[in-house]
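Line order of the protein sequences matches chains A and B.
Residue 10 is where the first sequence starts when you use this note's numbering, and the numbers rise one by one after that.
Residue 38 is where the second sequence starts when you use this note's numbering, and the numbers rise one by one after that.
These are calculated hints, taken from the structure and not from any lab test.
This one's a predicted model, so the numbers in the text were calculated from it and none came from an experiment.
Hints are supplied without guarantee of correctness; some may be wrong.
As the list claims (entries may be wrong) - Now the in silico label distances, taken between C-beta atoms and shown as ranges:
1) A:L110 - B:D295: 44 to 50 Å
2) A:L139 - B:K106: 39 to 45 Å
3) A:I317 - B:D479: 56 to 62 Å
4) A:L313 - B:D479: 52 to 58 Å
5) A:Y56 - B:G486: 55 to 61 Å
Claimed, not checked - Partner residues aside, some chain B positions facing chain A, computed with beta carbon under 10 Å:
6) Q127
7) A307
8) G319
9) G466
10) V478
11) V482
Quick reminder that beta carbons are idealized off the backbone N, C-alpha and C, glycines included.
Each chain is listed here by its residues.
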Amino acid sequence: MSLHVDAGQPTRAPMPPSRRRAKPRPGRSFLTWLDLKAAPYLLVSPYYILFLIFGLFPLAFTLYYSFFDYDLTGTVEWTGLGNFTALLDDAAFWRAVVNTLAMFLIATVPQILLALLLANALNKRMKFQLFVRLGVLLPLVTSVVAVAVVFTQLYGRDWGVVNWVLGWFGADPIDWKAERLPSWLAIATMVDWRWTGYNAIIFLAGMQTIPKDLYEAASIDGASRRRQFWQITVPMLRPTMIFVVLNSTIGGLTLFAEPTTFYNGNVHGGTTSQFQTVSMFIFEQGFREFDYGYASAAAWLLFLLILIGSAINFLLIRRIGGNK
Amino acid sequence: MISNSRRGRLLAVAAVAALALGATACQSDDKGTDTASGGGATQAAGPVTITLQTFGGGKNFGYKEAVDKWNAEHKDIQIKYDNLTDQFEQVYWPQMIQWLQSGAGAGDVVGIDEGGMGLAKAHPEWWADLGEFGLQNRKNDFAAWKWENGVTADGKLFGLGTDVGGMSLCYRRDLFEKAGLPGDREEVSKLWPTWDDFVAVGKKFQDKVKDTKFVDGTNTLYNVVLVQEAAKNGNVSYFDKDNNLIVDKNPAVKTAYDFAQKISQEGLTAKLRNFTPEWNTGMKKSQFATLGCPSWMLGAVSGDGGAGPDFKGKWDVAAVPGGGGNWGGSWLAVPKQSKHPKEAAQVLDYLTGKEAEVSVFNFAGNMPSNIQAQQDPAVQGAKNEYFNDAPVGEIFAKSASALQPVFLGVKHAQVKNAIESVVSAIDDGSVPYANGWKKLVDDAVKAAG
């Protein structure tokens, strides 16, 4: 492996100096400057300009209004940290936080394990390889509304397929939308159905970069397939794993579409907010109650929550295959 | 290794594509924001398109036939009819307020439920002045309260009434007979002069019929009782006339809540919340036998979303226990942002006129608020074929003229929404009966705050 890395560099390194040594022709220095110094910035600028407009500006704007008692239909009054203290005291907010974290855990842990196993299976030689591999992305392409319609039918209390099947085993019908844990489970399956394939593809891409000779060497040493998976694939996948986990953390903590459509587009998330996530809470406060300042403050707390969640997950993942 | 790197590249492309998809997947669609009003070029030869936005399930505002007729007769002004959603408090009104605030997106003529009128009146800057287009002379077409509600805080006419919510009770004739109860509407009406009688009939029904519940859920009848009781308590429900929240002080709210809790405790409800997909399915699967029916509910039941054509003749309409009540009724208004306020006012004038309101009544069952339309023989003598030829004109028109307006505060829609969640929550078991009333008051205070 170290051979690969070193091989390329010596041949590439001497090239640029020879170019720079060429005499700068007068009058063209501006173009040269443009070419060498400015061009990279120009090339990356579209992203940063868009980020400034659609990322940073709303962020700052939201922070600004989180200090106001801002009713979208009327008053704007300075309250300082009033919104934040009120939020920390608001049982509904904490309920949303618990819901979000619980659904994140229920959905994400099995999702990443499943994606890993799926990627490992897809990494083997098979017929119609490309189709099978792209096939796992299909759920992602489906409109979330269509997904919600199907899952709402599956999890119907009176006429749902899941309760019907449970009935074969003598179980009482479960009111999936009224009870907290069942509603979390139902939504977690929706999330997993859509996103497992997506993560699997990313894992697969990561697996393809693992040199085959490692496996060959392990096979010669008599390591089983399973052992190879846990001792070679998983540790070598760590960078990919960090990306997938951080991505899932952000996605999971900002969960909105699935639980909202599960309750017919109502952001209250069940009669007593059984499955209202923080994003839904923000939306409800901002655009249903028109309490924009309060919603802004909640958005910033969510931002903090994501930072903390990402940091914890990052630290956890770094320990994977912790032989270094 | 070599063949692998090619595959790797393909996969990388796939992964990037997937990322892009993931990033765009959560974009919300903004259906209906395009007003299609021709970019403001009024002098152009092409016809002016007036966008009409409403809400409601089933046949909703019932404008289909009236709009088709107008479009056939007016080549210069075409109406584009857009019923945005069946949910007023949850979806339509918040979206509409954002459009009105931001100055773009709202249609040229928009429907407003009574629950939104308090807020609408408090914001004259949102609305075009209908008086400018001569609609001031329509005053005698409406009952005084219906007219007054369309006038803003500073005295500007901005909205005209569409329908009024006269009250009845819809019931499944076939299921009543199955339970050994009379099926005829006169006799059914005699079964329940009071709500206590209604509960007694419900228990009898439930003894005989197991797989169908007596009522849909707590929410519909809660609202029926609330408007009846409001009329007995100074015509106020959640707010007093100075816009103070009085949920815990107004006996009307407590009475309505207690009734909702009672029918739930007695096991008479199918535990469905109105205007949800489950409720619609419930109608198609005969999950409940009675339903509180303001006139506009007839359209929700007979429409494709509701029970639909399979149940034609099985539903019927009886008198509501406890006398009349005024649930709902809507208004039409022209947002100031409309690029064609004059044409929009013309359309609004037509849609609230006698001819259109009679057409709406015949199509969807919504009781006209236009007095001339109410008195029209076509309305007075109307029978509803779907509801076993019930004389709906007689049933609703009788009460329509005597209706009392219920005062609704500026934040009525938000408070109503919060309260309805609790009223449904005691039914689905997520809030114990013992805590229900306290939670209702707490949540209402929070929503109003």
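Cross-check of the supplied hints:
At roughly 37 Å, the beta carbons of A:L110 and B:D295 sit outside the given window of 44 to 50 Å. Range check, A:L139 to B:K106: Cβ separation about 56 Å, and the 39 to 45 Å hint is violated. Checked against the hint of 56 to 62 Å, the pair A:I317 and B:D479 fails, with Cβ atoms roughly 30 Å apart. In this structure the supplied range 52 to 58 Å is violated for A:L313 paired with B:D479, their Cβ-Cβ distance being about 27 Å.
Between A:Y56 and B:G486 the beta carbons are some 42 Å apart, a value that contradicts the proposed interval 55 to 61 Å. The criterion of a C-beta within 10 Å of any C-beta in chain A is met by B:Q127, whose closest approach is roughly 5 Å, and the hint holds. Below 10 Å, beta-carbon pairs count as interface contacts, and B:A307 has one with chain A at about 8 Å; its hint therefore holds. Interface hint at B:G319: satisfied, since its Cβ lies 7 Å from the closest Cβ of chain A, which is below the 10 Å cut-off.
Look at B:G466: its Cβ gets to within about 6 Å of chain A, closer than 10 Å, so that hint holds up. Hint status for B:V478 relative to chain A: violated, with the closest Cβ pair at about 15 Å, above 10 Å. For B:V482, the suggested interface contact is broken, since its CB lies about 13 Å from the closest CB of chain A, more than 10 Å.
Of the numbered hints listed earlier, those contradicted by the structure are 1, 2, 3, 4, 5, 10 and 11.
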